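Number of protein chains: 4
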Amino acid sequence: MMYQFQCDYNEGAHPRILERLVETNFEQTVGYGEDHYCRKAADLIRTACGNQSADVHFLVGGTQTNATVISSILRPYQGVISAGTGHINVHETGAIEHGGHKVLTAGSCNGLLSAEAVQELMELHLAEDGPEHTVQPGMVYISFSSETGTVYSLAQLEAISAVCRRYSLPLFIDGARMGYGLASEGCDVTLKDIARLADVFYIGGTKQGALFGEAVVIVNDALKKDFRYCIKQNGGMLAKGRLLGIQFIVLFEDGLYHELSEHAVRQALRIRDAFESKGFGFLVESPSNQQFPILPDGIADALSSEFMFSVWRKVDESHTAVRFCTSWATRPEAVDALIEKVRSL
Amino acid sequence: MMYQFQCDYNEGAHPRILERLVETNFEQTVGYGEDHYCRKAADLIRTACGNQSADVHFLVGGTQTNATVISSILRPYQGVISAGTGHINVHETGAIEHGGHKVLTAGSCNGLLSAEAVQELMELHLAEDGPEHTVQPGMVYISFSSETGTVYSLAQLEAISAVCRRYSLPLFIDGARMGYGLASEGCDVTLKDIARLADVFYIGGTKQGALFGEAVVIVNDALKKDFRYCIKQNGGMLAKGRLLGIQFIVLFEDGLYHELSEHAVRQALRIRDAFESKGFGFLVESPSNQQFPILPDGIADALSSEFMFSVWRKVDESHTAVRFCTSWATRPEAVDALIEKVRSL
Amino acid sequence: MMYQFQCDYNEGAHPRILERLVETNFEQTVGYGEDHYCRKAADLIRTACGNQSADVHFLVGGTQTNATVISSILRPYQGVISAGTGHINVHETGAIEHGGHKVLTAGSCNGLLSAEAVQELMELHLAEDGPEHTVQPGMVYISFSSETGTVYSLAQLEAISAVCRRYSLPLFIDGARMGYGLASEGCDVTLKDIARLADVFYIGGTKQGALFGEAVVIVNDALKKDFRYCIKQNGGMLAKGRLLGIQFIVLFEDGLYHELSEHAVRQALRIRDAFESKGFGFLVESPSNQQFPILPDGIADALSSEFMFSVWRKVDESHTAVRFCTSWATRPEAVDALIEKVRSL
Amino acid sequence: MMYQFQCDYNEGAHPRILERLVETNFEQTVGYGEDHYCRKAADLIRTACGNQSADVHFLVGGTQTNATVISSILRPYQGVISAGTGHINVHETGAIEHGGHKVLTAGSCNGLLSAEAVQELMELHLAEDGPEHTVQPGMVYISFSSETGTVYSLAQLEAISAVCRRYSLPLFIDGARMGYGLASEGCDVTLKDIARLADVFYIGGTKQGALFGEAVVIVNDALKKDFRYCIKQNGGMLAKGRLLGIQFIVLFEDGLYHELSEHAVRQALRIRDAFESKGFGFLVESPSNQQFPILPDGIADALSSEFMFSVWRKVDESHTAVRFCTSWATRPEAVDALIEKVRSL
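Chains as they are written, first to last, in numbering that gives the first Met the number 0: chain A, 0 to 344; chain U, 0 to 344; chain G, 0 to 344; chain L, 0 to 344.
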């Protein structure tokens, strides 16, 4: 029997989601997200975000959502500023470029873009003699939590938001792991802060307890117009849209989303502590559901006979950074087994 | 209580699909369609198609599938030949053009593209003095069944396939309603014929009993390479890919797909007969699950108090063509009620 | 010796243009259209258009200009309304689609789009149940003169402009043959009317006496921002931009542009009259520099031994519509020879 | 009187080019590059390249040429490998991304991409678990001479070409300054080497004595098909194509191209030597027509009252790297004046 920690989408969905899908299965509703479930889910999300005028749309997956949002904002000659590690820059097979836009990488540290880096890039562009020969920065993309499990502090987020507003750059937050970020150790950011500081963001469902689904929240009025055209054009308008509405209702009607997130983070920190106790270092200090211990290759091999995890990258001749990922579905007993194994190393 | 006939995606999924999702929910599998469920579903589909070497991929929705397949085939200066009524030409918000390609409309009748029209368009292009000033036709797109419920005969399909091969144009068949087409009244085409005559096609799940999902079958070896890159770039690679595999296993492991299709067509023909008996004409003679009676406006209004259906288009000052759509989920009692109402008109 | 009438770009440029290029050849200027020649040419064009606040940019060729202007205006899910015969729809190898946009063809007659057709298309779109499933009309494209030599009357232009403003659709006029249109027989439109009724248009140089070059005039303030980025991205920013400025100075400093246009039209009408006198019909009644007589195939063959012209299209079994095209460079003696030949038929 | 050294496109064209344009001005030819001048120019270029079967096409400018060639080669999910300093990566306003493709930057030094960096990037991609989640490298782009004046040695070029062939990556060489590279100090590469080692490249005219124009040479048979469609779609097909043919005839019929290149390099090296003699350092050691001395800011200011040059970038608080650029048109007396001034500093 193998315990799987290689990603946060190994299982299906939280059982209450499946139950609700079964209960509602034969109800007839209109398609394309215009049904009453989607409306109710949108209301719940607006309330959770503390913004009653936000537009909420439901899409199926992350790459699709990123491509749709970015394409809806930029003019053709504009690019999106991102950390080099940003998901849009490395793991979406060029979906953003397929839509016609350059990803402009700016300085980042451990997956977190810095406000200074954005400012510097903007100043450089504006100072150019002939800026029209280069791509114009048109928006900023960050991930919360980031691709390496790190999480912006409120001060960092406010600084990024401020520089974005100074230069009229819409700030887009990829929240594929929004819940895990908000539930992370020491996090001083709330969903309401996100809604206050971003222009548009999404709340991930796929990695957070749903079968699939991402809820896009558009806060900035200027970005709301015609977004449904963009969804449809990018192939993201689910015929049976209610499947998304129903799932987000379950996640948001009584705090399940946050509860599942906390569970995942708790298990991840147990794993972190186990490796730390044995003196292993980490590629990056992560307070959320992804942990990146650096292991001697022999030990990584030994662990891999009982546990599945991702090989992240070689750090030197004989050591490898690996990723252990927990999720809403991680069983504490699986973590127990892992911890015991680590202790025995 | 309203009976809904406005489309074939009003309900969730066949109960056996939900059951299977529930049963498998906590199993841990790898993501992105590389799990054993997807492999098994692909095998079942290859067998159903009578082609053991076809590549099978699972995507979420129709627009996404069309954009992905077409983008994977065409060179930048090529276009896709389609009937003017083709879904890609009218109802996908320009997804094909967003991917860089022109939809070249050719002569069609009642939603069916003719082999002659394809041939004529090719001859015109090749005869041009300076063909490079115009878009080069690069493939052919047809729908089976078509957007207006009509279905190609085997002879028509063979003729189109022959002209495509003569001009080296890959033939792509949109099978969002493949089952309803194959189960249509008088149909002499089988899924094996489809697999023999097309270069690539898909078998629709969304409108045919699944929660969502379309199974792309690539028959032509030249079109197989790197298709997974295309899926990912177009935002169609579902993280929990097994959800698609599981659904298509249920649909194809013991004939459920065909059974549900036959059910839908049977109910549609009952509706057709009821309108016909009362002397109503039809926009188009459809042998499949979509029926387009032409109704005096007063009668359309009267029906709409109890039944939901789509207004298709005005045909003259006082008459409107409407669409009644059945599906795998249509209850015979709902059709009974509709028939009774029609008789009473 | 063959006389060539097959197009309006058979020769180089008006001699005064070459003279000016020679005179200024060793002057050193900054690149990319920011030199004093471009500034002066822009001033001359603003004056000719009666609009001192218009932005004027110089590009090299027509397809490039169309792609650049359209890409600068539309959002990704929008399309451009055009006559089916529009250059962007048939003779630019899908450059507009390559930029991501659908060309939406609307009703037209003899190459002229009608205001009614635009209105109808808009009403249809707005009346749709779920307009976001279809491409949103985002602007209107017309050609002046049209691809078949016809020319809008002032009343027609005003009607199109009015419907465009009613629906907030920017009106873009392709003026590759602007001069020939304005100089056409019976034309009641002036360049100032064009500048008043369009949001953006261009004044063609390539077919009108320059070596190459098209002057884009942006009248609508909302369309001015960042246009130089669009030019550069679309490969239209000439390094030695002054070559364009110098040419348009020559064409506009003392009326040469209009003078050359009148010459071309005068010669074309002589050709028209000759064919007419002999009883030949025409594909379309053209008052400008392109004439489309319908000839029995034998006569077309006979003419082709001494004169080059374009075969336009077969009109029936034994007749073909051909195109005779004059230009700024057409020698009256060549026309004399053609007329004599026609008379002798 | 200011002497201009800020770029290599400050003047018009070599006088013999203008003479030839004047002589041929009233000759009537067919358009779009299918005239006898283009054919003759193509022959001359094939001979200069030592490859009688290459396809030769003429385009107007560099950005357009890069976008056209790259778009003609890559499949949608592929990217082009380039040095970070590559023109396509920084100075084309995202034209490559507008065409749908990511620029994949790989390790480079002083503007020169290394074979090792290409190999490493390929190995990384192929070793990935799930390569389809990332952009597939599809070709390699290098500049000869590079954007910072440096030039590949024959050994370096052969190494890059070898790694490209090993991984089936077409090698595209941007030759906007091909002549200046070939004529550079110590260069051991010939045009025939370029034609032997690249799959496609272009020979720049714009910066090398022509009014404008770039000659694309396609060596690899697999890349030849339908290239004219790509030119047209990308707005690069000049109506009066002969203007390009005539210019390249003048440049290649009796060695003018090489002669002008040598002149420019000679003058650049005189400038280099003058700065070097005074003890100034350089941003990069350049053997070609662009020189990048590092100057104390006060001295840069002093020079700028008599000479125009480009500010490249600040290297520290008080020093700036600047660019002096010579060309086919640089007058030795201008260089004399500059040298004298430098000596007097």
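It is worth saying that the hints were derived from the structure and are not from the lab. Note that the structure is a prediction, hence the values are computed from the model and not measured. Think of the CB as a built atom: it goes at the ideal place given N, C-alpha and C, for glycine as much as any other residue. Possibly wrong hints are sitting among the right ones.
[Unchecked claim] No more than 27 Å apart at the CA atoms, straight line, and that leaves these computed lysine-lysine pairs for BS3-like:
#, chain 1, residue 1, chain 2, residue 2
1, A, K340, A, K39
2, L, K223, U, K224
3, U, K223, L, K191
4, L, K340, L, K39
5, G, K39, G, K223
6, A, K224, G, K224
7, U, K224, L, K191
8, A, K223, G, K223
9, L, K39, L, K224
10, L, K223, L, K191
11, A, K39, A, K277
12, G, K313, G, K340
13, A, K224, G, K313
14, U, K340, U, K277
15, U, K223, L, K39
16, L, K191, L, K224
17, A, K223, G, K224
18, U, K340, U, K313
[Said to hold, decoys possible] Covered stretches of chain L, as calculated for chain G (at least 3 residues, CB under 8 Å):
#, region
19, 25-31
20, 203-210
(message) What's the verdict on K39(A) and K277(A), does the C-alpha distance respect the 27 Å limit or exceed it?
(response) violated (48 Å)
(message) With the threshold set at 27 Å, check whether the alpha-carbon distance from K340(A) to K39(A) stays at or below it.
(response) violated (46 Å)
(message) Tell me if the straight-line CA distance from K223(U) to K39(L) falls inside 27 Å.
(response) At roughly 42 Å apart (the allowed maximum being 27 Å), K39(L) and K223(U) break the hint.
(message) Just to be careful, I want the Cα atoms of K223(A) and K224(G) compared with a cutoff of 27 Å; is the pair within it?
(response) Within the cut-off at roughly 21 Å; holds.
(message) Between the alpha carbons of K340(U) and K277(U), is the straight-line distance 27 Å or under?
(response) holds (11 Å)
(message) Next pair to validate is K39(L) with K224(L); report whether the Cα-Cα distance is within 27 Å.
(response) Holds. K39(L) to K224(L) sits at ~21 Å (cutoff 27 Å).
(message) Just to be careful, I want the Cα atoms of K224(A) and K224(G) compared with a cutoff of 27 Å; is the pair within it?
(response) holds (20 Å)
(request) Verify the proposed pairing of K223(L) with K191(L), using a straight-line Cα cut of 27 Å. (result) holds (19 Å)
(request) With a cut-off of 27 Å on the C-alpha distance, tell me whether K340(U) and K313(U) pass. (result) holds (22 Å)
(message) Hinted pair, alpha-carbon criterion (27 Å max): K223(L), K224(U). Please report holds or violated.
(response) Holds, at roughly 21 Å.
(request) With a cut-off of 27 Å on the C-alpha distance, tell me whether K223(U) and K191(L) pass. (result) Status violated; Cα separation ~38 Å.
(request) Decide if the proposed pair is consistent with the structure: K224(A) and K313(G), CA atoms, cutoff 27 Å inclusive. (result) At roughly 48 Å apart (the allowed maximum being 27 Å), K313(G) and K224(A) break the hint.
Of the hints listed earlier, those the structure fails to meet are numbers 1, 3, 4, 7, 11, 13, 15, in rising order.
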